[in-house]
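Peer 1: Listed below are the residues making up each chain.
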Amino acid sequence: METTIALAGNPNSGKTTLFNELTGARQHVGNYPGVTVEKKYGTYKDNGSRFSIVDLPGTYSLTAYSLEEVVARDFLVNEKPGMVVNIVDASNLERNLYLTLQFMEMGIPVCIALNMMDVAETRGIDIDADKLSKLLGVPVVPTVARSGKGKVELMNEVVGSLHGNGSIHLDISYGNDIDKALDEIEEKIKAENFLTTTYPARWIALKYLEQDKQVMERGREVSPEFSREIEQIVINASDHLNKTLDTYPEAMIADHRYGYINSILKQGVLTHRQDRNRLQTSDKIDKVVTNRFLGPIIMIAVLIMLYQFTFAYSEMPVGWVEGFFEWLGGFTDARLSDGLLKSLIISGLIDGVGGVLGFVPLIMFMFFGISVLEDSGYLARVAYMLDRIFRMFGLHGSSVMAFIVSGGIAGGCAVPGVMASRTLRSPRERLATLLTVPFMNCGAKLPVFVLLVAAFFAENEAMIMVIITLIAWLGALLVAKLLRSTVIKGESTPFVMELPPYRLPTFKGLLIHTWERTWQYIKKAGTVILLIAIILWAMMTFPGLPDSEVQVFEKERATLLSSAAGPVVDELEHAHEHGEAHEEEHAGLSPAATELEDKLLAIDYHESEAALRHSIAGRIGTALEGVTKLAGFDWRTNIALVGGFAAKEVVVSTLGTAYSLGEVDPEETGSLSDTLVNAPGWSPLVALSLIIFTIFYAPCFVAVVCIAREAGSRKWGAFSMVFNTALAFILAVLVFQIGSILGY
Amino acid sequence: MSIMNLRQMAVDQTGTITAVKANGEMGRRIRDMGLVKGTEIRVQGRAPLNDPVSLRLMGFTLTLRNNEADYIDVEVTQNP
Chain A
1 METTIALAGN PNSGKTTLFN ELTGARQHVG NYPGVTVEKK YGTYKDNGSR
51 FSIVDLPGTY SLTAYSLEEV VARDFLVNEK PGMVVNIVDA SNLERNLYLT
101 LQFMEMGIPV CIALNMMDVA ETRGIDIDAD KLSKLLGVPV VPTVARSGKG
151 KVELMNEVVG SLHGNGSIHL DISYGNDIDK ALDEIEEKIK AENFLTTTYP
201 ARWIALKYLE QDKQVMERGR EVSPEFSREI EQIVINASDH LNKTLDTYPE
251 AMIADHRYGY INSILKQGVL THRQDRNRLQ TSDKIDKVVT NRFLGPIIMI
301 AVLIMLYQFT FAYSEMPVGW VEGFFEWLGG FTDARLSDGL LKSLIISGLI
351 DGVGGVLGFV PLIMFMFFGI SVLEDSGYLA RVAYMLDRIF RMFGLHGSSV
401 MAFIVSGGIA GGCAVPGVMA SRTLRSPRER LATLLTVPFM NCGAKLPVFV
451 LLVAAFFAEN EAMIMVIITL IAWLGALLVA KLLRSTVIKG ESTPFVMELP
501 PYRLPTFKGL LIHTWERTWQ YIKKAGTVIL LIAIILWAMM TFPGLPDSEV
551 QVFEKERATL LSSAAGPVVD ELEHAHEHGE AHEEEHAGLS PAATELEDKL
601 LAIDYHESEA ALRHSIAGRI GTALEGVTKL AGFDWRTNIA LVGGFAAKEV
651 VVSTLGTAYS LGEVDPEETG SLSDTLVNAP GWSPLVALSL IIFTIFYAPC
701 FVAVVCIARE AGSRKWGAFS MVFNTALAFI LAVLVFQIGS ILGY
Chain B
1 MSIMNLRQMA VDQTGTITAV KANGEMGRRI RDMGLVKGTE IRVQGRAPLN
51 DPVSLRLMGF TLTLRNNEAD YIDVEVTQNP
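Just so you know, the protein sequences line up as chains A and B, in that order. For the first sequence, my numbering gives the first residue as 1, with consecutive numbering after it. For the second sequence, my numbering gives the first residue as 1, with consecutive numbering after it.
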């Protein structure tokens, strides 16, 4: 079996870059069991040695508070990698070594990759790597991950150290009081063999003193009495510290870790050739980019650019994908005989898969854009500037990206939006974000709004669209607030966040980033989403019309044809054989034949309407009519909304079928608007109620699948369907009922 | 010079941390990032809405919200 090497380090230390350098294309992405944290692993091969390399999540510390830190810690404890390669940012040595000390406390063999030596150099920082290695007692190899410099030396060092004895000796004092308690607890633990098969004894003692939830819970499980015994020692030590020095053990321990680092660095390891807090280029950029007045303006411009980039440039490739599936549909249509199989393949499989893959270019562009902002360091500034606003609603400054992409500027898409919430590091804020972004007005909801606004509010079209966008934002933020005070209750995660120096992203890193995320989406599309597409197709197809009714339509056709003049029928049949009549808009047909064709189509449409009403979806729609009347929706609207679960623009085409207009192209809804204006049961109030419902009700199933995946539980996917639909219905009923009372 | 709360510090003011009064998760996160007794900091700037605040310490930039800054006392060493 090949040895496992774990890559660990602070965020922004160049860890991912080094991982890409070491593994090249031989890497995979998975998840750690049971959690949503990404697990990246790959292989490194060089002059006969071969390692499995795991990229641990970037962390500043190893506490039990954040998911990433627990994941990293559990991996080290359970998988026992042969060595931890700790990537340390040389330009930021003091804070980076804090994590290094914690690996050493765990007794794991560590090799330090002293990265970004070039940056340190330009900032006037001199580091004596040999001295650092000697004082810490671990190997230290200078590297520049971006250019791959030092990579070979690093791996040679790792190979060498693996064959050495690898024992770690950390000589650090946490102050007399803590040291005494540590010794006492360590001895007891060793005597009892308490948890020692999993963790080193002194580390357990240290974690008890730090009040580490995870370790203490495990301890209580194994032996409640013994655990209580240790806890008592901790309480005594804590009381004593509190009385004499007005501090807590965990504060004391942190102080001494930094003290220890400081004492090492001061022994000639680190020399500054200039004041280390002087303004760097990055700070000068920040003076402008986060300026009180210029900052917000620049930010809005950047967000609009991201939006433009994602949706404008992806338009063409999206068109290609859609075009391909249209062609495939047409190709199949011409080759298969009419029937259920054909309907399944075209309406179920091809439309379903095509609809899902149509998002792929969008997702690629979005992730590319976000990766640029993230890797350059700008995203952290956006979070910094907007945090004050988003915090009021229980969210985080970084939430803004997900909202914008989902349609915060009308026309986005909730699928990449939900995925964009990954940039959030705080779990509660992240969950609240990904549950509320589907309220934004995505591109697929727009045709529905355009249809209704054009039909009923034609005079104020632009203003109504702006109001719809504002309603979506307000609704999303208020719901976020509601969720954060109920189901996702909890203190807001501290905003203690690093503003990394601005950096030019590496193209390779961007591509790998983008591809990984896109591929995950495609994989999902191939399984769950395809299944749901078929179920939705079946709901709108089965059961078919009973023969007796089909015959009624057949008879109508026969009567029509027999009453028409012979030559006209012949002309039409001839045209049909050449497949022109439907597509070519009756081109070249005589007026009489055109009239006949229209009448035949009308019968077809009536049959489709009857079939739709007869299907499961139709029955659901009809059955719900009693309830949905409260919001002003009849069975036709209900079916359309059921169809909208497949993709929101389907609402328009299904309404078309339900009104016997055939399938209406969402891009050209003129005839449908006219029909709606004159249809009984429709009014501006109903339209408004439907607009409200469409903003808030269940996200399309692709988004639901993504929510379930990103939230790490199907429960949240189900929640977003049920909760959103209930909320939408309540709001629509309110609008309709209050409007009715006011006499609209 | 005087000891004051981090929240009250002005942009470009420099000082040494004298106490971090938070414990639990908040305390851990603050300390993990190097905000411990004895660390020198400089207030680098404030967000457009005055909150969060950005600090310079150990050669890197850190942001925290005002209600988190409340836990930190600083002895001012240099005024802008």
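One or more of the hints may lead you astray.
[Stated by the list, open to error] Derived BS3-like pairs (lysine-lysine); straight-line CA-CA distance at most 25 Å: (1) B:Lys21 with A:Lys180; (2) B:Lys37 with A:Lys190; (3) A:Lys243 with B:Lys21; (4) B:Lys37 with A:Lys180; (5) A:Lys213 with B:Lys21.
Quick caveat, the hints were computed from the structure, so don't treat them as lab data. A quick note: this is a predicted structure, and the numbers were derived from the prediction, not measured.
Peer 1: Would you list, in rising numerical order, the hints stated earlier that this structure does not obey?
Peer 2: 2
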